[in-house]
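Asks: Protein chains in written order, with the working numbering: chain W, 1 to 204; chain F, 205 to 747.
Hints may contain errors.
[Claimed, not checked] Between beta-carbon pairs, the in silico distance windows are: (1) F:Asn223 to W:Ile156: 32 to 42 Å; (2) W:Ala98 to F:Thr395: 25 to 35 Å; (3) W:Leu60 to F:Ala441: 49 to 59 Å; (4) F:Arg317 to W:Glu84: 20 to 30 Å; (5) W:Phe21 to F:Phe397: 20 to 30 Å; (6) W:Val102 to F:Phe527: 52 to 62 Å; (7) F:Phe356 to W:Ala44: 18 to 28 Å.
Note that these hints are calculated values from the structure, not bench results.
Given the structure is predicted, the values throughout are model-derived calculations rather than measurements.
Even for Gly, the Cβ is constructed at its ideal location relative to N, Cα and C.
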Amino acid sequence: MSAEAQGHATGVEPSGEFGVFVFLVSEGLLFSALILGYLVARLAPGADFAAGSRELSLPLGTLNTAVLLSSSFCIALATIWGSERSRWARLAALATVALGIVFLCIKGYEYFEEAQKGLLPFRDMSDRYPKAEPQHLRLFFDVYLALTGTHALHVISGIGLVGGIALFWRRLARPAHTLKLAALYWHFIDVIWVFLFPLLYLAR
Amino acid sequence: MTATAEAPDRRSYFAEGWNPAAWLLSTDHKRIAWLYLVALLAFFFIGGAAATLIRIELATPAADLVSDDTYNKLFTVHGIVMVWFFLIPSIPATLGNFLLPLMLGAKDLAFPRLNLASWYVFMAGSLTTLYAVIAGGVDTGWTFYTPLSTMFSNSHVSLAAAGVFIVGFSTIMTGINFIVTTHKLRAPGQTWFRLPIFVWTLYATSLVMVLATPVLAASLLLIVADRVFGIGIFDPAQGGDPLLFQHLFWFYSHPAVYIMILPGMGVVSEILPCFSRRPLFGYRFVAYSAMGIALLGFLVWGHHMFVSGQSSFAGVVFSFLSFCIAVPSAIKVFNWTLTMRKGSITFETPMLYALGFLGLFVFGGLAGLFLAALAVDVHLTDTYFVIAHFHYIMVGGMVTAFMAGLHFWWPKMTGRMYSETWGRIAAATTFVGFNLTFFPQFVLGYLGMPRRYHTYPDEFAVWNMLSSAGAVILAFGYLMPLCYLGWSLFRSRRAPDNPWDATGLEWQTSSPPPQHNFATQPEVTGPPYQYELPEIDRPAAPR
Ligand code: HEM
Ligand SMILES: [Cu+2]
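So that you can see chain W by itself, here it is in the shape it has in the complex (with noise of 0.2 Å):
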């Protein structure tokens, strides 16, 4: 649409999309400074902070990284699907929330291990990491619980949303068109987990 004719106030369809692109930058800016701050725990000079990633469960990452790409295939598939107006949309959908679930639980069972090997930043390490710096250690786990912490906030309210419509898709008056704004939410918590990735479990 040209720049000159607009108006009417009925541009629902590309407003909804814009408005949701808009949302996703500044959703951007809050895990960049939370990067930011990993980059600079990270860059301090004598940290022991690497040392944190190796004790991390890199298959669990891996698997929980996979499990996360495919829920992004399925709700690709959901949103072609509900364009077509076919009823596999709803089924897909609702596998995308069941993998969102699986990561969940995934990513809670390593905090678990973690927890059990004293490694969460709730009690003193000193006593097991009798080192000299116990302390970095801690902090890339300070780093990690709340880049984590926020990303499977938002894979809740991502559950949330397309679980939602899900259910709904019948009261909905666009139920496809909703579903694929969702679907950008969901595309956007998957991009984060990539950039998490490595940053948290790679670069050991």
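Place chain F with the ligands on chain W using the hints.
Replies: Quick look at chain F with the ligands alone, frame taken from chain W:
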């Protein structure tokens, strides 16, 4: 959206009813603007009450009203409430909300329900913080500096920060809504360079809202995480970096000061041409400089940290960039001044406020340049000079512009005229009261009086007394409009559709506008501000 195109509904938006639900559940941007206006006024007076107590305490050198602890809590409430619950949303959420669709020739914002939701989120957040204040207060200052806020403060920091965090969501919602509306809902012919400057500044403000607020959210989140879970990213004992908080905070808060002034610049850009009967001088420069301010605003945060221990190289760079950011502001000031040159100027209330804005903004901005000079700032930082600087811009500038806009568009919003005499008296009173309150603080800062203490040596007594006296006058200046504007709602002459003979789409619809803003879809055929001098050079605006 139920109105049909065939039978335009010309009843005013007030005709939709007066029961609470018709206001609290309405998605009409004009009604939501009123919801915000009422809430923000309440917060303005809460913040003002705290300021009153502060000024009473500071009237004399000794501690005679409150303890040091209470004093800390007072300036914290004052700062938090004024910055986040009043100034940030002030013009955008009230006048902007009301006028943006009107100026674009649209029926509403792009996302009317999001708009209503933003008000509820705002209320939820601000009341959370207010509860924290009532439950015992917060003593960190509005800046929430670590490690005070994370390790040492025993006050309700988490709750207060959570409230500010929530309010941030409402800011982002408003920002998204305004950006999308400006892109997508312009009337036929309403091209970017035919937009009123007020729209440009709202657009620039919204960009800053969307890009900066999430960073504040992250830093507040980390403070709460530290206090609740012990996630010590800012805690040096855990290897964390307390300075990182300042970087994050000012990365938000310097751009945020431009959230707090850009809409004010927009308002005066509407008013000065109207009451000078001249087109805005250098329209494109004014528009571009709004965007320039929004972008440059992200590059200068380090000037709040000159003495924090950041590298001296960083200090020099930030000092240089801070000088640069004065340029777009100065461009605007030159253009406003030249707009009035050879104009046929009349001094109605909005114009008086707008002229007040101009003087105070220039003064405050020049003081900013003193602070931007690295070596000078080492002496002035954390003194009353800084307080005076930002009050000149935020109160002298933005609040004055808010009053200017409120008076300018009051006839449009309410369909009523207010008492011009009282309006002029109030405008003059605020100007005098403001200068008397804050000019002495420049002197105090220069003499070395530090901020955030409740007692001070005797030699500062006279200037402080002057400042407190000025605050009394200022308070009258702000209370007066509350009375005569309130009065005008019930007992006053009805406003014509275009009382100031102004250009702009909002003046082409009735006062107050119908529910869907325009009876027929307006079209724009020319540039804004097509004012012409009256043939005989005498005041053209109707009295
Ligand atoms: C001409 C452009 C400006 C320049 C060069 C400038 C410069 C500065 C500098 C260097 C400081 C730090 C002083 C210190 O802490 O030692 C400062 C503080 C401040 N400025 Fe500005 N400023 C400008 C415009 C503004 C505007 C437009 C606003 C608000 C609408 C504003 C609001 C503030 C506030 C709130 C603070 C103090 C925050 C605090 O410490 O609590 N400034 N300014
Ligand atoms: Cu600044």
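Asks: So, for every hint listed, does it hold in this structure?
Replies: Now the hints, each set against the structure:
1. F:Asn223 to W:Ile156: 32 to 42 Å: holds, 37 Å
2. W:Ala98 to F:Thr395: 25 to 35 Å: violated, 48 Å
3. W:Leu60 to F:Ala441: 49 to 59 Å: violated, 30 Å
4. F:Arg317 to W:Glu84: 20 to 30 Å: holds, 28 Å
5. W:Phe21 to F:Phe397: 20 to 30 Å: holds, 24 Å
6. W:Val102 to F:Phe527: 52 to 62 Å: holds, 55 Å
7. F:Phe356 to W:Ala44: 18 to 28 Å: holds, 23 Å
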